[in-house]
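Sequence lines, in order, name chains Y and A. The first sequence begins at 101 in the numbering used here and counts up one residue at a time. The second sequence begins at 101 in the numbering used here and counts up one residue at a time.
It should be emphasised that the hints constitute simulated quantities derived from the structure, not laboratory data. Among the clues, some could well be false.
Note that identical chains are pooled: a pair holds if it fits in a single copy or bridges any two copies.
Under the rule of at most 30 Å between Cα atoms (straight-line distance), these lysine-lysine pairs were calculated in the DSSO-like manner [stated by the list, open to error]:
1) Lys349 / Lys266
2) Lys120 / Lys294
3) Lys120 / Lys387
4) Lys294 / Lys198
5) Lys304 / Lys272
6) Lys146 / Lys342
7) Lys146 / Lys213
8) Lys272 / Lys146
9) Lys387 / Lys349
10) Lys173 / Lys344
11) Lys198 / Lys146
12) Lys349 / Lys176
Protein chains: 2
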Amino acid sequence: MDNRIKEHAGIIADWSTEMKEDDKVVILAHSEAEELMIALYEEIGKHGAHPTTLYSSNEANRAYLKNFDGEFKTPKHTLTLFREADVVISIKSDVNVKAMNDVPGEVLSEYSKVRKPLSDILQDKRTCLTAFPTNAAAQLADMSLAEYKDFVWNAILRDWQDVHEKQEILKKKMDEAEEVYITGRETELTMSIKGNIGVNSDGKHNLPSGEVYTAPIPDRVDGHILFDKPLIYMGREIEDVKLKFEEGKVVKHSAGSNEELLTNILNTDEGSRKLGELGIGTNRGIKIFTRNMLFDEKMGDTIHLALGKAIKRSVGEDGEGNDSAIHMDIIKDMSKGRVEMDDETVLENGKFIWEM
Amino acid sequence: MDNRIKEHAGIIADWSTEMKEDDKVVILAHSEAEELMIALYEEIGKHGAHPTTLYSSNEANRAYLKNFDGEFKTPKHTLTLFREADVVISIKSDVNVKAMNDVPGEVLSEYSKVRKPLSDILQDKRTCLTAFPTNAAAQLADMSLAEYKDFVWNAILRDWQDVHEKQEILKKKMDEAEEVYITGRETELTMSIKGNIGVNSDGKHNLPSGEVYTAPIPDRVDGHILFDKPLIYMGREIEDVKLKFEEGKVVKHSAGSNEELLTNILNTDEGSRKLGELGIGTNRGIKIFTRNMLFDEKMGDTIHLALGKAIKRSVGEDGEGNDSAIHMDIIKDMSKGRVEMDDETVLENGKFIWEM
C-alpha cells in the first residue's frame, strides 16, 4: 500500500475526527477507495472504535432514481444510523463523475429534499469529508492517475496546525466585521455578516481544507456577481453563473450552460435562493482548478458563495443563518478583484491581508 | 449487463423479500457484486422502497480485527440501522475468501459474540442471503468464472413455487415426528425434534435454497457423527469433523485439520456445544461441492447439522431451540446412509421418501 494512504488515514483519525475509544464510526465510500477504507479500519481498530461503511455508488443511485415509482421519504433506517454515530467520514471516490448525468434535475432536487434531515444531523457530529484519487477524478482534472495522486496527497498531507494559525487572522476579521463588499469582473456585491462567526477550516471537517468562511445574513445581500469557475452539480457543469440579489434573494439568474439545471436548484425550496456561506480559499498548495469543489474552493486566489443552508457552526448567537435542503458552492476567481470588510481590504488581486 | 443478473434481482425483490412500497431496505455487499446491487436499486426504485448498502470488505475487517485495541461492543449505530429495516439482503461476493485467515480464532470468536444482537434482529425481518459469482468463489470451487456463473445462476434462477410444493412433504414429516435417527459412515445419532417446526426453505431467506430444516431439542441429542464435508469458517477449512454428543452437548471432538479452530468455535459460549439445526438438502440442481455453504448444504445427497443458535422460525410453541452467538453448519454426505423419523425412513442412500 502507498504509504501516503496510511498517512492520510492517520490524519483523518487523529487530527480531523479526533477519534477515541468506543466511537461509533460511519464511513461513506465507493470501492475505488477500498485501500483508504482498509487503512482507516486499521486506525479504527487501534483506537478501539466501531466501524460501519456505507457503499456509495452513483451508478446504483442512478438506477434507483431513474426507476423510482413512489414517494421519496427520509429513510429512517439510515437516519438512525447517523443519529447514533459519533464520527462520519465521507470519501469522495467516484468511478465516473458523470454517472448521474441522465437523472432529471427535478428528481435530484426532490430527492435532495428528503435527504435534508441526514445532512442536518451531520452538523452535530465529528465529520470529515475527504477524497481518494481515482481515474475518474484524474480525468476530470486533465491528469494521469499518477500525477493526480501527487496533486491530492500534496494538498492533504500538510501541517494543519500551521494552517490553523495563519487562518486565525482572517477568522478574527470575520468575527468582528459587519459588512462585506466584493468587487471584480462583472461583480459588485454587498452583504452583512453581522453577528456570525468566522470558521477556521483547518483540515477537520474538510480534508484538504485551507479556507475561512462565515454565513451571510440571509436577507442582507444586494448586488450582482459573475462566477468565473463552473458550478459542478452531480457531475454536471453549469458555466458562467450570474446572480442578481435583492434583499438577500436571487431575483435574476443566468448561466452559459445548463441554465435549466440552475433554475431547478434555485427552485428547490424557500432557502435555495439565498446565501448560506461566504468562503475564502487560502490553500496555496492547490494551484490548479480540477473541477472538484473539495479542492477548488480552497484555492488561494478564490472566494466562493453557497446557495442554501448555512453551516451551523458559522452562525453566531446574535447572527442569523439561512436554511435549505441544498448547499451549493460556486467559485469566483479573485486574482483580479477585492474583498473589503468594514472598509478594510482583506484580499486584493490574489493577495491576502498578511501578504500585502 | 448479463440478463441473469436482472432476473436474479427480480427474484430477490418479488419472491424472496416480497418487496413493497416504502420498505426500508439494507443491502450488504462487496463491490464485486456491484452489478447485482445496481439491478437491485432498479428494483427497489420500481417498488418505491428506500435502499442503503453496507460495504462488506473482509480485507478491511481483517485490518480492524488484527489491530483492535479496546473492548468489542455491539455497534449501536449498526444495530439501530437493522432494527429500523424491513428487508435485509446480504450478497456473498468475496474478492478473496482467505482474507481473514491470519486473524486469531479467539478474536473472531470474541467479535462474533458482540455481533449476536445483530443476527437476532434479522430473524424478525424479511431477509435474503444470496451470492454473486466472483473469481474468488470460482477458484475455491475449482472452476473458471464463466463456468461458475453458470453453476450459480442455474442454482438460483429456478421455479421456486415448484420447489416449495415438493418440499412440503418433508416439512410435514418434520412437523409430526418426535425422534430422528441418523446412520452412516462412522455415524449413529439420535435426536428429538418434538414440538419443533419443519421449515420449507424455498428461496426466501436463502437464495439458492432447496432445503427443509428444523431445530433439535437442545438437550436431546446423543451419539456420534462424522462430517465428511469440510466445515468452512471465515475462509478456513476444518476437515473430517467428528463430534460425540451426550444429553445434547458435544463432549468429545476432533478434526483432520484446524482442530484448534474447532475447539475455539465450540468454546464460544454456553450454546455453541449444542445443536441448533438439522437440515436436509433437496436441490438436485446443485451437483458439485463448491466449498460455499450457501450452495453445499442444499445438495440433494446431504444433510447438515448446525452448532449454535436455532433459527427462530423452526422452533415451535411446544418445542425448544438452542441459543448461541454462533450458527455453524457442517455437512454430511448421505449418498450412503439413512435418516429415519419415528421409524419411517425419509432418506436412504441419497433417495428421498418421494423418490423411493
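Structure-based check of all given hints:
{"no.": "1", "hint": "Lys349 / Lys266", "verdict": "neither (33 Å within a copy, 68 Å between copies)"}
{"no.": "2", "hint": "Lys120 / Lys294", "verdict": "neither (36 Å within a copy, 50 Å between copies)"}
{"no.": "3", "hint": "Lys120 / Lys387", "verdict": "neither (35 Å within a copy, 50 Å between copies)"}
{"no.": "4", "hint": "Lys294 / Lys198", "verdict": "neither (39 Å within a copy, 60 Å between copies)"}
{"no.": "5", "hint": "Lys304 / Lys272", "verdict": "within (19 Å within a copy, 61 Å between copies)"}
{"no.": "6", "hint": "Lys146 / Lys342", "verdict": "neither (49 Å within a copy, 38 Å between copies)"}
{"no.": "7", "hint": "Lys146 / Lys213", "verdict": "between (38 Å within a copy, 20 Å between copies)"}
{"no.": "8", "hint": "Lys272 / Lys146", "verdict": "neither (37 Å within a copy, 52 Å between copies)"}
{"no.": "9", "hint": "Lys387 / Lys349", "verdict": "neither (32 Å within a copy, 69 Å between copies)"}
{"no.": "10", "hint": "Lys173 / Lys344", "verdict": "neither (33 Å within a copy, 54 Å between copies)"}
{"no.": "11", "hint": "Lys198 / Lys146", "verdict": "between (37 Å within a copy, 23 Å between copies)"}
{"no.": "12", "hint": "Lys349 / Lys176", "verdict": "neither (33 Å within a copy, 42 Å between copies)"}
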